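Number of protein chains: 2
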Amino acid sequence: MTIELDFTHDPNAKSWVESANRHPDFPVQNLPLGIFSTADGRRRGGVAIGDMVLDLPALAEVITEGGCEQVLAADAPNLNALVDMGADAMWALRTALFTLLTDESFREGVEPALIPADSVTMHLPFEVHDYTDFYTGIHHATNIGKLFRPDNPLLPNYKYVPIGYHGRSSSIRVSGVEVKRPSGQTKVPDADVPSFGPSKRLDYELEMAIWVGQGNDLGEPIPIGEAESHIAGISILNDWSARDLQAWEYQPLGPFLAKNFHSTVSPWVVTMDALAPYRVAQPPRPEGDPAPLPYLLDAEDQAHGALDVQMEVYISTAKMREAGDAPHRLSSGPMTAMYWTMAQLVAHHSVGGCNLQAGDLLGTGTLTSGEEGGEGSLIELSKGGKQPIELPNGETRTFLEDGDEVIMTAFAEKDGFARIGLGECRAVIVG
Amino acid sequence: MTIELDFTHDPNAKSWVESANRHPDFPVQNLPLGIFSTADGRRRGGVAIGDMVLDLPALAEVITEGGCEQVLAADAPNLNALVDMGADAMWALRTALFTLLTDESFREGVEPALIPADSVTMHLPFEVHDYTDFYTGIHHATNIGKLFRPDNPLLPNYKYVPIGYHGRSSSIRVSGVEVKRPSGQTKVPDADVPSFGPSKRLDYELEMAIWVGQGNDLGEPIPIGEAESHIAGISILNDWSARDLQAWEYQPLGPFLAKNFHSTVSPWVVTMDALAPYRVAQPPRPEGDPAPLPYLLDAEDQAHGALDVQMEVYISTAKMREAGDAPHRLSSGPMTAMYWTMAQLVAHHSVGGCNLQAGDLLGTGTLTSGEEGGEGSLIELSKGGKQPIELPNGETRTFLEDGDEVIMTAFAEKDGFARIGLGECRAVIVG
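Chains Z and H, in that order, are what the protein sequence lines are. With my numbering, you'll find the first sequence wraps up at 431, consecutive numbering, no jumps. With my numbering, you'll find the second sequence wraps up at 431, consecutive numbering, no jumps.
So that you can see chain Z by itself, here it is in the shape it has in the complex:
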């Protein structure tokens, strides 16, 4: 069967997969990619559409042009090979899927490839070779800076350098995998020597995950104007942090055990094409801030390089779940809290010659909005653990306790367009 390509991706189009048309996250305008398995355990690429998952390799006999190699590349335990095909290939796949799922005439051929989402297991979307965590949330950087360095919260390099560091890729897990509370060295300020034990200041960090698509060769930087075409899409990232371990270990080389015990990502990769309607200008820098250096400056990127995506964090304690209480929202904020655009992160990361590879994870850093209720971590909400947060059932928290579940969500909406969502990034803390 040959597909006639439809490049418009009509924002009002309806799918013959009816659950998609009222779905808060996965209408046909979204089409996020992920890795799933069914009873036989075989991991392969799929697409979320309403309450269903579309099995990409199962389309190999349906899509014979314009997306056919992509569907074959999705017959793998990760999406690395697929996104390494590049932005044009991703667009072609999206276009083919959009047509298949909106044109009733394809229903008979495609329906056998639909699997109820509640019957599949989701996995990490990529084999992550390298994980880099940036620090683009200037309000978070300022808040944390005040706690760790009261006299010097925002260092002089912050507004010039997209600050980032290398994280641990081996301990990245998909949403739903329990997080074991780490042990490590801590030193309370008035103690002479450090002690060892389970972290008492376990925190979440609300971040977005930026996934690298096509990579670059070692020694060949990606220019800012081309940077976005190297991004496959985004997910939600919880960069769990043990604040007490961090405070003692992080100088002079940065966080290590405080972060490397676990990081959680949501399973669906929302592509840059799906996000196109929600692009906005990079918020203007405050008066007096320096302009980005030329290698980070691109007019197109400044005009459209930010995303109007809203993020939320909820907590559900063991007591709340026992009582049947709904999760409690701790904070919410926009992704425009990023001081740097996604393209600037890619350009900066590669400017010295470092090679990015398909499936590399770039964390945005904790995104705190700068407004009350927009704090992206408990250490900010509780003012460094000094002001406990009261939950609706009377429980209080400064940091996370065993049994707590943290749930992050994100979505984009705009007049005249369907709302699209990123799904959930959730995990329970265990002792």
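Possibly wrong hints are sitting among the right ones.
The following label-pair restraints were derived from C-beta to C-beta distances [what the hints assert, rightly or not]:
id: 1; chain 1: H; residue 1: 72; chain 2: Z; residue 2: 226; range: 42 to 48 angstroms
id: 2; chain 1: Z; residue 1: 319; chain 2: H; residue 2: 276; range: 38 to 44 angstroms
id: 3; chain 1: Z; residue 1: 387; chain 2: H; residue 2: 383; range: 46 to 52 angstroms
id: 4; chain 1: H; residue 1: 371; chain 2: Z; residue 2: 217; range: 40 to 46 angstroms
Derived by calculation from the structure, the hints in this document are not laboratory data. Being a predicted model, the structure only gives us computed values, none of them experimental. Idealized CB from N, CA, C, for every residue including glycine.
Once you have looked at the hints, place chain H on chain Z.
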């Protein structure tokens, strides 16, 4: 053919591969593992023996017991699967190879698997999933600390925490691959704003590479007493560093572009079994230093956990090569400059639950001996770039110039035992 195991690994044994018996690096007592290819480009595991490389997969019909699965696992483009079999399997393979290469009766069967070393191409020994760089060289940490933080060279955590940070795995290359000088942001102290351009303070760092063998599961720390059995072996590591980029970017989250443009490792992995004769006690901590916390303390490790390995760094400038001059030795020092043992690094890295995987690279950090002539980097040799080093041909260096080749070697020797070497870790800087 069945091999009778010989567990003694006689230090005086000679090989029928005659070049091994007078070889400074690769006598039969060494048997380091690496990945090589010949004209057809197929990468597979090999062992250095004298001037030859033993093709491991080619032994599949020779070794039918005691090493047979290992030889099959070596038929791969990296050694990850082989070392993931664990310490006992590595010992069994070594024992089988030792017998094959010392017992003349196996010569006829084995000789066809020997390939002249000068006709093969060496590759990275592992697919490196994660690279962690430690900072165990206390003299280096003190020297660098003085330059970056004159008032506070060695931070209070140094003697409690094996300080380390996550590095970039994608840009690790094998010895011999040219290193492109990185560009990036720098800010000279008296400038108001940073500028962008090629690094002017490009440096090497003399480190040893510790390769992880069998890994651990997420959330399951490796106890100190078992840590060494998770180490496959060691190579030499040059952790190239752009000091000017580093000074401007490294706070508060550690080095990033200053290090991630390239790291070079030597191709041969000298196993823990080969290093057994050169084990020594961890040097006693200076009077007044705290004892390691219990999770890092093991009597056996303190008694035998350090290695008496000598390291050397040479420079060969373009002019020197044109004139046919020999490389000039810049410094030398012992691996016992490590403030922490290899086992302590493994135990610390995993104590919060972080999972290590076969082929992970742990850098020791720059190993400076603490004595004149034992500086492991140019920034130390040139006192922060203030005192140029004069080379024998009259050239001077504070940092590396284009065309400079840096060559690192390492070896172990001891009365009554063969000298074994790690080969070379070398690369030329290009602009």
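Structure-based check of all given hints:
no., hint, verdict
1, H:72 <-> Z:226: 42 to 48 angstroms, "44 angstroms, holds"
2, Z:319 <-> H:276: 38 to 44 angstroms, "55 angstroms, violated"
3, Z:387 <-> H:383: 46 to 52 angstroms, "49 angstroms, holds"
4, H:371 <-> Z:217: 40 to 46 angstroms, "41 angstroms, holds"
In the structure shown, a violation is registered for the earlier hint numbered 2 alone.
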